[in-house]
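S.K.: So you can see what is in the structure, the chains are spelled out below.
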Amino acid sequence: MTQPLLEVQDLHTVFQTKEGTLKAVDGVSFELTPGETLGIVGESGCGKSVTALSIMRLQAPGRIVGGKVLFKGQDLTKLTEPEMRDVRGKEIAMIFQDPMTSLNPVYRVGWQVAEPTRLHHGWDARKALASAVNMLGKVGIPSAASRAQDYPHQFSGGMRQRVMIAMGLTTTPQVLIADEPTTALDVTIQAQILDLLREVNREFGTATILITHNLGVVAGMCERVLVMYAGRIVESGPTKDVFAHPKHPYTWSLLRSIPRLDAEKHEPLRPIEGVPPHLVDLPAGCAFHPRCAFRIERCSRDTPSLERVGDTQMAACWVTQAGQELRGA
Amino acid sequence: MIGPERVAEIDLPAPGLETGAARPAQSYWNESWERLRANRIGMSAGIVIVVFALIAIAAPLLSIVLTHAQPQSIDLDHTFAKPGLGSHLLGTDELGRDTLTRLLWGARVSLGVAFLTVAMSLSVGTAVGMLSGYYGGWIDDVLMRFVDVVLAIPAIFLFILMSILFRPNAITLAAIVASVGWGGVARLVRGEVLSVKQRDFILATRSLGANDWRLMLRHLLPNVLPVLIVAASLGVGQIILIESALDFLGLGIQPPTPSWGNMLTNSQSYFFRSGFLVAFPGITIFITVLCSNLFGNAVRDAFDPRLKTH
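Chains as they are written, first to last, in the working numbering: chain Z, 1 to 329; chain L, 1 to 310.
Certain hints may be false.
Calculated lysine-lysine pairs in the DSSO-like style (CA-CA distance at most 27 Å, straight line) [what the hints assert, rightly or not]: (1) K90/Z <-> K197/L; (2) K68/Z <-> K78/Z; (3) K138/Z <-> K90/Z; (4) K197/L <-> K18/Z; (5) K127/Z <-> K138/Z; (6) K78/Z <-> K90/Z.
Keep in mind that the hints were calculated from the coordinates and are not lab data.
Kindly produce the complete structure, drawing on both the sequences and the hints.
M.R.: Written out as structure tokens, the structure reads:
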């Protein structure tokens, strides 16, 4: 196995709220190898975005209270703020969910795409703009040189997301974190942006962390996938194995709750019963047990850790760790 | 499982088509300027202010070329001259000083103090509001409580005290008025920063590795600038009123230096002898304040995104 580029070890990020301490990320560990595309899926509020922001140390007002984020062997959680700024946008770039609000409305697009190289390489305005225009062309902005002179509101949503991707890539970072990059876009534009991300991954060899709640996106994009629930990773493994034979009841339920074009017959969709738990007040034992169709007595008592289940997957579930298969009721 | 690659097989329009034909680059500033230009009343008011400002700057020149008099040159042979097409267009006062000349020079003081005050309160207010809104936490608490204290001081007593301690000239007077005025600006800027700070592009810019100063000066400041411009254009009118009132009460610019306010004070004793002495400075103040307010409102309307048509 290749040396991991990014290694997250037992990361804990908490938010202080009026009701108490909210554990948004509760002991997350994973690795990212160079050039790989890793998917992180889960419902809203399960800690996907906070995990990504914690890697960038942008989780404020939350606090990282434990764990390590090793980037090429260096622990990012120990860096000073100026050292961390050198990592942000240079080594690790991030793309956000809503391209409509992620660009500064008062600056021309070219200026904004040029900003990272001006910050990190100290390039002058002319050189940075030239490379920005070049990058805008590469991400599929037609007549990039003249479009660079336009303002964000003159771009459509899909075009703005291309701009955001260009902005992330000007410094050729080694890791690109895409936080729900297609959620705010309509379906055809989504497909274009995902194609672009795949191309970026191929052409620049940028390792990508793709955060989404769309399982279809993960299926088409990612070699490996992490499934998160209530701030923890509940299952991980190669995408095709996880989707074919989920080893955690949550993954299993998620997969049953989405429509499939290749279904044999007309099946009703099965939503997951109940609601995700409040992160301030997690149920004892496995956080998913109140909604789980397979729960056993032990689930409400002990919290399972992520262990190897089957040949390629890991799951945090007492039932599958005991060797039982998940079968539809 | 449907992967996005299947969706991508559908024949998509080339990405270029969605952008439409080339349009001229229309920035927020351009659009606002277009809206402002379309507002005739606002623009006329703005032009009046600009003309007054030019007159104030050119006062020494005008008093040689146009009125052939100096603001403090006394001519006891021609006191209380009536306005007319003679040598004194707007007449003279009780010491025979030419009213028009004194109004021209008074504009230097009144407008000068107004612009200077606005500049001072905006710079201090913006700095404090920006730091407060950006950093939040205890910095915000300390700065905003300080602003509360400043705004709780009864301004008129402060002005009286200050003008006793420092014999006011244009600069100290501006500083005195600004020492109260910045509080409101600080609150305004803080509120705006709090709202802009929440927008995704700030987080996105931070994720590019920008530091606090860059975020504040290059990214937040241009976004709060419209609010500042509106505050400035509405502020000028208010400050002229305050300044005139202070002069009138004898707390501002002291005679014989002419200011619109102290010209009023001076002439109130001669109201029945020559009403013009009251009317001209009064009308000048009235027009200036009215025009600043009209212009300020026009600027606010021009920048207000809710009025945007697209």
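S.K.: A separate judgement is required for each hint: does it hold in the structure or not?
M.R.: Comparing the hints with the structure gives:
1. K90/Z <-> K197/L: 23 Å, holds
2. K68/Z <-> K78/Z: 8 Å, holds
3. K138/Z <-> K90/Z: Within the cut-off at roughly 19 Å; holds.
4. K197/L <-> K18/Z: 22 Å, holds
5. K127/Z <-> K138/Z: Holds: K127/Z and K138/Z sit about 17 Å apart, inside 27 Å.
6. K78/Z <-> K90/Z: 18 Å, holds
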